[in-house]
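So the sequence lines, in the order shown, correspond to chains Z and L. The opening residue of the first sequence carries number 1436 in my numbering; numbering runs sequentially from there. The opening residue of the second sequence carries number 108 in my numbering; numbering runs sequentially from there.
I should point out that these hints are in silico values taken from the structure, not numbers from a laboratory. Bear in mind the structure is a predicted one, so any value in this text is a computation, not a measurement. Treat the hints with care, as some may be off.
[Unchecked claim] Capping the alpha-carbon separation at 16 Å, the derived lysine to aspartate or glutamate pairs in EDC-like fashion look like this:
| hint | chain 1 | residue 1 | chain 2 | residue 2 |
| --- | --- | --- | --- | --- |
| 1 | Z | Lys1850 | Z | Glu1786 |
| 2 | Z | Lys1617 | L | Glu164 |
| 3 | Z | Lys1617 | L | Asp161 |
| 4 | L | Lys124 | Z | Glu1615 |
| 5 | L | Lys124 | Z | Glu1796 |
| 6 | Z | Lys1682 | L | Asp166 |
| 7 | Z | Lys1636 | Z | Glu1615 |
| 8 | Z | Lys1617 | L | Asp166 |
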Amino acid sequence: MTHVLLRHRDIPEINRLEVYQKNGGFEAFKNAVTKMKPSEVTEVVKNSGLRGRGGAGFPTGMKWAFIDNKNWPHYVVANADESEPGTFKDREIMESNPFQFLEGVAIASYAVGANAAYVYLRGEFWQVAAFLDEKIAEMENAGYLGKNLFGTDYSLKIHTHLGAGAYICGEETAMLESLEGKRGQPRVRPPFPPSYGLYGKPTIVNNVETLTNVPLILANGADWYKNMGTADSAGVKIFSLSGRVRKPGNYELPFGATFRELIYTHGGGVQDSRKVKAIMPAGASSSLILVDDEKVLDTPMDYASVRTLGADLGSASVIVVDDTVSMDWLINKTVHFFRHESCGKCTTCREGTYWMSHLTERIHEGRASRADVDLLLNVAKQMQGKCLCALGEFSTMAVVTGIERFRQDFDKAVKSNS
Amino acid sequence: MSLAEKYPKEVKQILAKYPPEHKRSAVMPLLYLAQREEGYITKAAMQDIAHMLDITETDVVSIVGFYTLYHDKKEGKYRLQVCTDLPCALRGAEEFLENLCGNLGIKIGETTPDGLITLEAVMCLAACDKAPMFQTQGPDGIKYHEHMTVDKTMELIEALKTSTGEAK
Chain Z
1436 MTHVLLRHRD IPEINRLEVY QKNGGFEAFK NAVTKMKPSE VTEVVKNSGL
1486 RGRGGAGFPT GMKWAFIDNK NWPHYVVANA DESEPGTFKD REIMESNPFQ
1536 FLEGVAIASY AVGANAAYVY LRGEFWQVAA FLDEKIAEME NAGYLGKNLF
1586 GTDYSLKIHT HLGAGAYICG EETAMLESLE GKRGQPRVRP PFPPSYGLYG
1636 KPTIVNNVET LTNVPLILAN GADWYKNMGT ADSAGVKIFS LSGRVRKPGN
1686 YELPFGATFR ELIYTHGGGV QDSRKVKAIM PAGASSSLIL VDDEKVLDTP
1736 MDYASVRTLG ADLGSASVIV VDDTVSMDWL INKTVHFFRH ESCGKCTTCR
1786 EGTYWMSHLT ERIHEGRASR ADVDLLLNVA KQMQGKCLCA LGEFSTMAVV
1836 TGIERFRQDF DKAVKSNS
Chain L
108 MSLAEKYPKE VKQILAKYPP EHKRSAVMPL LYLAQREEGY ITKAAMQDIA
158 HMLDITETDV VSIVGFYTLY HDKKEGKYRL QVCTDLPCAL RGAEEFLENL
208 CGNLGIKIGE TTPDGLITLE AVMCLAACDK APMFQTQGPD GIKYHEHMTV
258 DKTMELIEAL KTSTGEAK
């Protein structure tokens, strides 16, 4: 299969400007700026069916169309905070196919009338940011960024901005707060960023993978993109495969490929030929899919189909859990992650993750009774629907589905006389 | 010496990234700059940055406290930060860290007697397919080390001992 996003796997050295140019690079951006109205660009993206790849799956073109044209200036922020445990796709794109991503940023900026765009990278991507800075400078020298692009009156600057180690900054309003030089804590929404974003100005925040789709959608047309994938999930997706598989890594597949295809055909199967016990399709934020029947593995990976298994596809960071793993250990891991990453702004999440972590620890260490498992489930369910942002909600997903779908693991972990 | 006197070129470049009326946005890159040499941010540097950006010292302190990659205490020259989150843990990260502790003779959070390495367990670093892995945070920035073994890590530490830490 020819890749749409991981094109460096087909075209060596596509991270060099001249190689990218030779393969049609920047033609879509040039064509948009010189021959299309911004609203026409948005229309193509809307018609392509592209949805946000950061996890929420919101239609990208619709988001762009929400930009408030009564309030200026506008900004574009590329979300390169990639911090969901199990996700490692954006880094590969930025390191290996950086110009396609940056061209996507440029096209999005033109479509929404932004003259400045920021790429917000997680602080750990220090080397990636330095690399992108070089690539941005090369684009400036070649006339793809700067003033009066292609002889028009459109100008654009792209800047990188490094975070400093906070998962919550992947939440778009927390990211904007952080970019404004504040602690990365989410804002109360609405208003949403397309009307009130960076510095209170209309802002579009898109994930790296989302933006990387855009140049080829413009070059090949909305129908070309829509014809890949499924009816509700158009196009291709990078699946980050991790956990107990033989060949973990990023695999770009059309939506609708099955879990079996990903895990067995591409991932080489489960380590030590064990059985798949559970799948987390959206990283640590995921509900646990119970794999008690081989048929589950034949489920197509698209937004609608994964929902029928009681989970969300999210960012498609597929963590494979085999039958050597006990769920009391697993949720102790995820809850500690969320407790550490809770920003502390809302009480539900700050206190909820704290108390859940005490319970998961006690259960995992064999110091708990059956009543503690029920209490944990109770606390998790009480948190749901009461958090300021998705982080708090996410912290409960593995806990609730872990206890409800794998109760036997918890019965084994608690004291036998309880 | 103030940050602007010490690194005039870098400070200018950083401030140019943001609209002049929103210069507060520069606080994060300036904190990285302040941390570059000693591996931690002094109270004086925080005051300096607050002054430069017209914000309060409390604002700056709260930002240093919020983000895990800023430090306000001197520790080892290099922080060796091992990811032990779920995907890495499913691929042997916890055993790796335990063995590394044994080899270095220190516990998680401690520093080697020569002051070279502070060992830390950290949250997901987005390299789940290359576990066990860690990053080093030191005078030359942040670097990833993937598909690691204890032997390879001990070799790396030997190399860090002899390097000046200034090389890019």
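Structure-based check of each hint:
{"no.": "1", "hint": "Lys1850/Z with Glu1786/Z", "verdict": "26 Å, violated"}
{"no.": "2", "hint": "Lys1617/Z with Glu164/L", "verdict": "13 Å, holds"}
{"no.": "3", "hint": "Lys1617/Z with Asp161/L", "verdict": "13 Å, holds"}
{"no.": "4", "hint": "Lys124/L with Glu1615/Z", "verdict": "12 Å, holds"}
{"no.": "5", "hint": "Lys124/L with Glu1796/Z", "verdict": "45 Å, violated"}
{"no.": "6", "hint": "Lys1682/Z with Asp166/L", "verdict": "46 Å, violated"}
{"no.": "7", "hint": "Lys1636/Z with Glu1615/Z", "verdict": "12 Å, holds"}
{"no.": "8", "hint": "Lys1617/Z with Asp166/L", "verdict": "8 Å, holds"}
Going through the hint list in order, the structure does not satisfy hints 1, 5 and 6.
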